[in-house]
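Colleague: Model the full assembly from the supplied sequences, consistent with the hints where possible.
Read off the chains here:
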Amino acid sequence: MVVATATVAAGCATAADPLLAPAPPPPVGPTVELTIAEQPRVTVVATAEVSEVSAYRDPDASSPRLAALANPIPTGSPLVFQVLEQRDEWLRVLLPVRPNGSSGWISLGDVSLASTPYRIEIDTSDHRMVVWEDGQVVVDAVIAIGTGDTPTPLGDFYLTELLQPPDPTGPYGSFAYGLSGFSETLTEFRGGDGVIGLHGTNEPESLGTDVSHGCVRIENEVIESLVPLLPLGTPVEIRA
Amino acid sequence: MFRRSSFHGLTRPAGRFGAALAAGLTASLLVVIPAVAEDDLVINPQEVTRGNPGETVTVAQQAVPAELVGRVCDVRIESENGSSVHPGNVVITTTGGVSHETPGVEDGSGAKVIDVESVALGDTVTVQIRFGEDGVSSLGFSVLVDCPQLEILPNTQTRQRPDPTTTVQVTTSTTEAPSTSDTTAPAAPVSSDSTTSTPTADQTAPPATPNTGNPTFTG
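Chains C and A supply the protein sequences, listed in that same order. For the first sequence, position 139 matches number 139 in this note's numbering, and the numbering has no gaps at all. For the second sequence, position 116 matches number 356 in this note's numbering, and the numbering has no gaps at all.
For the record, the hints were derived by calculation from the structure and aren't laboratory data.
Here are a few chain C residues that face chain A, going by a calculated C-beta distance under 7 Å: (1) Thr75; (2) Glu85; (3) Leu186.
What follows is a list of derived Cβ distance ranges for each label pair: (4) C:Val138 <-> A:Glu373: 57 to 63 Å; (5) A:Asn292 <-> C:Pro64: 45 to 51 Å; (6) C:Glu224 <-> A:Thr364: 39 to 45 Å; (7) C:Asp210 <-> A:Lys352: 54 to 60 Å; (8) C:Gly101 <-> A:Pro447: 24 to 30 Å; (9) C:Arg65 <-> A:Gly337: 22 to 28 Å; (10) A:Thr452 <-> C:Thr187: 22 to 28 Å.
Because the structure is a prediction, the values reported are computed rather than measured. Heads up, the beta-carbon is just placed ideally off N, CA and C, and yes, glycines get one too.
Modeller: This is the structure:
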């Protein structure tokens, strides 16, 4: 009964009247706010300085070797990696091999390092590609992606090569970037091994649709605007 | 009353705030939130005011960005108890299959605890409280997962930078009034010497040079 009275009177209590002072608040459990915060990421790109780069499971040459990658790659581009982290004389890098998302440790002595402020975000649901430079949008474009049978894979990739097709009016348009990712449904395509590309198109009407074998198509004008900007190793995040 | 909890997931970089982070968790949080607002995911809170003695309840869980999974980072628990005492309560942080216990967080009125542990991050960071003998918790505390950045020097040696590149931060608060007790708190800071880092490079990569050729990409 006393408790009930105090509770009712609490609304007009003052500090000077201890008899009418509100009851102290009951203890409460933690109020939780979770934040993941990431600094402006200047992606570090490792470019091979040797003819072959070995990638290991651990930052230790005695651990299992995951891949041995030739430099330059068959099309003549230098072998590059997106660097994820460093541990002493070792770098953990994304590997341009199947399965998608593979990473391994390479020797710091096998590569030279440089940075890129660029980053590409691809949203397959919205059929849009956004290119960021130091947190600023520099390109926002409509894209075409893979069909339901040959979908564009989701994940974190990076640019591995840049090709200029001899015929700019062909299906790859005026330029074509190769990505470090592969089709999840095609293991071979036109003599290649199913590498996902980011390229122009001779079918601009297809933009905004699911029409490709997994590649990402953009307008020729857009990709031509990227060529003077993007280094190999630029990260490409493909999300649904 | 129990305030609701929020997950702030960042999919893109935010501003550098290493100095603010070192100065105070609250300040750094204020810097971060506006930059990530569009990525907020609000979840329902879990009341943990009371439970059975010895019971463990989860108060927060956060997915770790893919690029941080496997990184060795510092998990820093800081707590400051209010006036009420709840002996035996333990904060448990778990990631990568490894749990770290911080005891004594509410053993004394006004108790302050700082505990740092270096761990390899898993897919998630989970924060739990295990109740002591009275089955009550009213703690305000924060858990900061700090992945320091190392700088690559030209001779390939590394050194630690003063500002972290990435944080996974868990902050809690309490409504208890500050204690006027002289009770001293257990404090067991443990420093770590992580050698893992996100590298940097002094040179900027040039635009890619196109090679002429017929692509074989999945067009």
